[in-house]
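Novice: If you want the building blocks of each chain, they are given just below.
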Amino acid sequence: MTALLPRRGLAQILALIVILAVDRVVSPQFFDLRLQDGRLFGSLIDVLNRGTPVALLSLGMVLVIATRGIDLSVGAVMAISGAIAASLADSHGLPIVLGAALGAGLVCGLWNGFLVAVLGMQPIVATLILMVAGRGIAQLITEGRIVTFSSPDLVWLGNGAVLGLPVPVAIALGMLILTGAVVRGSALGLLIEATGGNARASELAGVGTRAMILSVYVWCGVCAALAGVIAAADIMGADANNAGLWLELDAILAVVIGGTSLFGGRFSLVLAVLGALIIQTMNTGILLSGYPPEFNLLVKAVVVLAVLLLQSPKFAGIAGTAARLRRSKA
Amino acid sequence: MKGLPPVLITAIVLVAGFALCAMQFPNIASTRVVGNLLTDNAFLGIVATGMTFVIISGGIDLSVGSVIGFTTVFVALAIERWGVPPLVAFTAILLLSAGFGAAMGAVIHVFDLPPFIVTLAGMFLARGASFLLSTESVPITAPVYSTVSDFALRMPGGGRLTAIAIIMLVIVIGGALLLHLTRFGANVYALGGSRATASLMGVAVGKMTVKIYMLSSLLAGIAGIVFSFYTSAGYSLSAVGVELDTIAAVVIGGTLLTGGQGSVIGTFLGVLIQGLIQTYINFDGTLSSWWTKIATGILLFAFIALQQGLVALARRPVRKSAGATS
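Sequence lines, in order, name chains S and D. Residue numbering for the first sequence follows the working numbering, beginning at 418 and increasing consecutively. Residue numbering for the second sequence follows the working numbering, beginning at 1201 and increasing consecutively.
Hint data in this document are derived by calculation from the structure and do not stem from the laboratory.
Counterexamples of contact, computed for chain S against chain D with all Cβ distances above 12 Å:
{"no.": "1", "residue": "Ile-434"}
{"no.": "2", "residue": "Val-443"}
{"no.": "3", "residue": "Gln-446"}
{"no.": "4", "residue": "Asn-615"}
Some, not all, of what chain S presents toward chain D, calculated at C-beta under 8 Å:
{"no.": "5", "residue": "Met-538"}
{"no.": "6", "residue": "Gln-539"}
{"no.": "7", "residue": "Met-548"}
{"no.": "8", "residue": "Val-549"}
{"no.": "9", "residue": "Gly-553"}
{"no.": "10", "residue": "Ile-554"}
{"no.": "11", "residue": "Gln-556"}
{"no.": "12", "residue": "Leu-557"}
{"no.": "13", "residue": "Glu-711"}
{"no.": "14", "residue": "Leu-726"}
Note that this is a predicted model, so its numbers are computed, not measured. Even glycine gets a Cβ: it sits at the ideal position worked out from N, Cα and C.
Work out the full structure: start from the sequences and follow the hints.
Specialist: Laid out in C-alpha cells, this is it:
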C-alpha cells in the first residue's frame, strides 16, 4: 500500500494518456507551453487550472466516501464561501477574508458531520439539507446580487503565479500533499477506511468512528470553501446562483473514476485528483474540438456508466463467466 | 403503522401554515390562490408521486428533472419542427421516458449498483440529450395547447381549476390507490423494508425494480408534457434542480428516505407546503425568492430530525422487551 502510485491506478493513468492523446489529435498545439510574465501558459496548464475546484472538492469528498458517506452540499458550500470572500475582499485583509471563508466551510462541515455522526442520519439526506438551503444562505450574504471585488490580494489567489504555476494549481498541489501527509503519514487513513469498511466492528475495536466521521465532513467543508474562494477569485466576483453548481456531482464522479468504492472502506487521494483531471481533460478536449459544450454531459454520462460497470462485482462475474465459456469452447 | 403520524404532522403544518398566511394576507384564503397553487405546482405533484414510489422502495431517482427538460424540448420540436401530431408526440415521449426508466432500473438491479449514481448518470444523459436537440427555447403554438390552457373548471369564489391541475389531482389519487390498495404497492413497501426479506417472500425483486423506475420516469414524462402546457414552450434548461424540490416534497410528506414507509397523500401535502411558502413570498413582495430555499431546508431538517426521533422511539421498547425475556 504505497501512498504514491498504487498498482490499481494503472487504468486511470492509461485513460488519462488516451484522452490526452485524443486531445493532441484534436488540437495540435495541445502540449505547447510557453513562459510569459513568470507564468506558464498552454492547454495543459489550462486543464490543471480549470480542474482545480473539482480536484479540491474531490480531496475532501474521497475521505467522506471512504467512510461510506457522501457530501452533496459541497457546491452550496462553495457558493457560501465565495459569497463571504467577495463581500469582505475590498474592506478587509486577505487573512481575515480567508479565515472567514474557510471558517464558514468548517462550520458547514461540522453541521453535516454532526447530523451524520451524532444524529445518525443517512449521509445523502443529511447533506441534502445544506445543499438545498446553502444556496439560499449564499444569496442572503450577497443580497441576491453578483458581488464583484477588486482586492489585488484575492485576485492573485485566482490569477497569480508561483514558480511559473498558476496559484490555484499550487494550492491544490499543496492541499494534496498536506492531506496525503496527514492521512497516509499516520494511521488516520487506515482508521478512516476501517470506519467505512465496518463502522460497528471498528467501534468495538476501539476506533473513534464518530470523531473520524465528523472530521472527514469538516475537512470536506474546508476543501469546498477553499475551492469556492478560488472560483470567486478567478472571476473576481461571487455569483450565489451559479458558483459551484453541479460540482458536487463532478466531485463524486472524480472520486468514482479514481477507483474509490462508493461502499467505503478504501480510497486513494492521488487517484481521486487524477479523476478530476481526467474529467477536465475531457471537458477541455471537447471545447477544443469545436463540438458544442453540450456534448460534455453526454460524454460524462457514458464515462460514469462505463466506470460503474467495470467496478461492479456482478459485471466482473458475468464477464469472467463469458470468458471462461469462450475458452472452454475454443 | 403505515407512517400515519408523519402524514398527520405534515397536514397540521400545512393547515397551520395556511392559517398563518391567511391571517397576514386575508386574500390568500381564496379559491383563486388555491387554484393557482395547484396549477403552479402541477408538474411537481406529478413527478413527486413517482418519486414517492422510488423512495419507499429504498431507492432514489435524480434523473426526473432532466427527463422533464428533455420531454419539453422533444415535444416542442416534434410538434413545431417535425410536424408530428401532438398526440403521437405525447405517446412517443411517454414510451421513450418509460423505456429510459426501465433501463435505469435494469442497470441498478442487474449490476447491483447504487441507484444514486446510476440515476445521476441518467440525469447527465437526459440533460445532455436535450441540449443536443436544441439549446434554444422553442415556443409551441399548436391549437391543442391554447385549448388546454384555456380549459378550466370554475370554482366558487372565482377560482380556476385548470386542466393541468386536474391531471395532477387524478395522478395523485391514482398513485395513492396504486400504492395503498394493490399488490404492486405492497411489494414496493416490502422492497423498501428489506430487499432480502422481500425476495425470500417471493417478490420478484428485479422486475419490481425495473417497474418502479419505469413508473417514476413515465410520470416525469407526463410532468414534462404538463410543464410544456404550463409554459407553452420547450427549453432544455427547464426544470433544472426539480429533483431536489421533489425529494424535499417527499421527505416533508413523511416518507422515510431509508424506504419502507410513506404515502402519496403525504407527498401531495409536501408539494402544497412548498407551494405555500412560494405563494407567501410572492404576497409579501419584500422577501426574495431565495427564502424559499432556506425555508425548505429548515423544514427538511425538522422533518428528518422528527423521523429520526420516531425511529429511535420505535426501537427503544423492542430492546427493552428483548432484555426482559432473556
